[in-house]
Amino acid sequence: QKEVEQDPGPLSVPEGAIVSLNCTYSNSAFQYFMWYRQYSRKGPELLMYTYSSGNKEDGRFTAQVDKSSKYISLFIRDSQPSDSATYLCAMSAGNAGNMLTFGGGTRLMVKP
Amino acid sequence: DTGVSQNPRHKITKRGQNVTFRCDPISEHNRLYWYRQTLGQGPEFLTYFQNEAQLEKSRLLSDRFSAERPKGSFSTLEIQRTEQGDSAMYLCASSFGQSTGELFFGEGSRLTVL
Numbered sequence: 001q002k003e004v005e006q007d008p009g010p011l012s013v014p015e016g017a018i019v020s021l022n023c024t025y026s027n028s029a030f031q032y033f034m035w036y037r038q039y040s041r042k043g044p045e046l047l048m049y050t051y052s053s054g055n056k057e058d059g060r061f062t063a064q065v066d067k068s069s070k071y072i073s074l075f076i077r078d079s080q081p082s083d084s085a086t087y088l089c090a091m092s093a094g095n096a097g098n099m100l101t102f103g104g105g106t107r108l109m110v111k112p
Numbered sequence: 001d002t003g004v005s006q007n008p009r010h011k012i013t014k015r016g017q018n019v020t021f022r023c024d025p026i027s028e029h030n031r032l033y034w035y036r037q038t039l040g041q042g043p044e045f046l047t048y049f050q051n052e053a054q055l056e057k058s059r060l061l062s063d064r065f066s067a068e069r070p071k072g073s074f075s076t077l078e079i080q081r082t083e084q085g086d087s088a089m090y091l092c093a094s095s096f097g098q099s100t101g102e103l104f105f106g107e108g109s110r111l112t113v114l
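Respectively, the protein sequence lines represent chains B and R.
Just so you know, the first sequence maps onto residues 1 to 112 in the numbering used here.
Just so you know, the second sequence maps onto residues 1 to 114 in the numbering used here.
For the record, the hints were derived by calculation from the structure and aren't laboratory data.
Keep in mind that this is a model prediction, so the values were computed, not measured.
A virtual CB, placed ideally from N, CA and C, is assigned to each residue, including glycine.
Hints are not guaranteed to be accurate.
[Unchecked claim] Where chain R lies over chain B, by a calculated footprint (3+ residues, C-beta under 8 angstroms): (1) 40-54; (2) 98-104.
[Claimed, not checked] Each computed DSS-like pair below joins lysine-lysine, with the alpha-carbon atoms no more than 30 angstroms apart: (3) B:K67 - B:K56; (4) R:K71 - B:K67; (5) B:K2 - B:K70; (6) B:K42 - B:K2; (7) B:K42 - R:K14; (8) B:K111 - R:K11; (9) B:K56 - B:K70; (10) B:K67 - R:K14; (11) B:K42 - R:K11; (12) R:K57 - B:K70; (13) B:K2 - B:K67; (14) B:K111 - B:K56; (15) R:K11 - R:K57; (16) B:K56 - B:K2; (17) R:K57 - B:K2.
[As the list claims (entries may be wrong)] Calculated Cβ distances over 12 angstroms to all of chain R for the following chain B residues: (18) K2; (19) L11; (20) G16; (21) V19; (22) S26; (23) F61; (24) D66; (25) K67; (26) S82; (27) D83; (28) T86; (29) R107; (30) L108.
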């Protein structure tokens with residue numbers, strides 16, 4: 001079983017919909033949680049960064065972390081066709097080196 | 001552009017050949033990471049440097065792989081005697097100091113081994 005699990009999708013939604021993306025993890029040492037967006041044949045781009053449990057909002061994006069359930073979410077409001085990409089969750093224990101463990105990514109398609 | 005730069009963007013090689021990838025991190029970043037990503041999967045950690053010191057290597061990094069970061073600036077990742085299973089996107093990322101999570105990735109170098 002992988003340390004970080006993420007539904008690969010694809011997830012197809014109409015423009016304007018609210019999108020919910022999720023990851024579960026097994027390592028209780030993880031304290032730092034990130035969401036990256038990756039367009040086809042490009043490198044991952046950092047979207048959201050959260051420490052420990054709680055919510056963080058940035059524009060149309062909201063990240064939630066529930067450490068008790070080992071579950072993190074990314075919500076996208078008013079989704080746009082330009083949001084079509086693969087979304088990767090990543091997490092770290094914050095130890096020396098700060099190596100990230102990634103989920104497999106969820107492919108999102110927003111249809112106009 | 002002051003982001004992470006990787007070269008070449010795409011390399012096609014025959015099995016058994018050696019290949020080398022270069023990464024130029026964001027200039028003030030002292031940490032540099034190499035990850036590997038195969039199709040449909042998330043990136044997997046390979047190795048990381050703090051300045052010129054290579055401090056951690058994944059068990060994914062077989063003895064055919066070697067990474068260097070002379071003078072703590074750019075880094076190279078060499079793969080010797082390539083195998084078809086080495087075909088992947090090789091991603092470089094950098095971060096600053098004690099930051100805990102904010103890695104900035106380059107566009108990646110895609111390797112195809114025929």
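Consistency of the hints with the structure:
no.: 1; hint: 40-54; verdict: holds (count 8)
no.: 2; hint: 98-104; verdict: holds (count 7)
no.: 3; hint: B:K67 - B:K56; verdict: 14 angstroms, holds
no.: 4; hint: R:K71 - B:K67; verdict: 40 angstroms, violated
no.: 5; hint: B:K2 - B:K70; verdict: 13 angstroms, holds
no.: 6; hint: B:K42 - B:K2; verdict: 24 angstroms, holds
no.: 7; hint: B:K42 - R:K14; verdict: 24 angstroms, holds
no.: 8; hint: B:K111 - R:K11; verdict: 34 angstroms, violated
no.: 9; hint: B:K56 - B:K70; verdict: 17 angstroms, holds
no.: 10; hint: B:K67 - R:K14; verdict: 46 angstroms, violated
no.: 11; hint: B:K42 - R:K11; verdict: 15 angstroms, holds
no.: 12; hint: R:K57 - B:K70; verdict: 27 angstroms, holds
no.: 13; hint: B:K2 - B:K67; verdict: 17 angstroms, holds
no.: 14; hint: B:K111 - B:K56; verdict: 26 angstroms, holds
no.: 15; hint: R:K11 - R:K57; verdict: 24 angstroms, holds
no.: 16; hint: B:K56 - B:K2; verdict: 26 angstroms, holds
no.: 17; hint: R:K57 - B:K2; verdict: 19 angstroms, holds
no.: 18; hint: K2; verdict: 9 angstroms, violated
no.: 19; hint: L11; verdict: 15 angstroms, holds
no.: 20; hint: G16; verdict: 28 angstroms, holds
no.: 21; hint: V19; verdict: 19 angstroms, holds
no.: 22; hint: S26; verdict: 15 angstroms, holds
no.: 23; hint: F61; verdict: 16 angstroms, holds
no.: 24; hint: D66; verdict: 18 angstroms, holds
no.: 25; hint: K67; verdict: 15 angstroms, holds
no.: 26; hint: S82; verdict: 18 angstroms, holds
no.: 27; hint: D83; verdict: 19 angstroms, holds
no.: 28; hint: T86; verdict: 9 angstroms, violated
no.: 29; hint: R107; verdict: 9 angstroms, violated
no.: 30; hint: L108; verdict: 14 angstroms, holds
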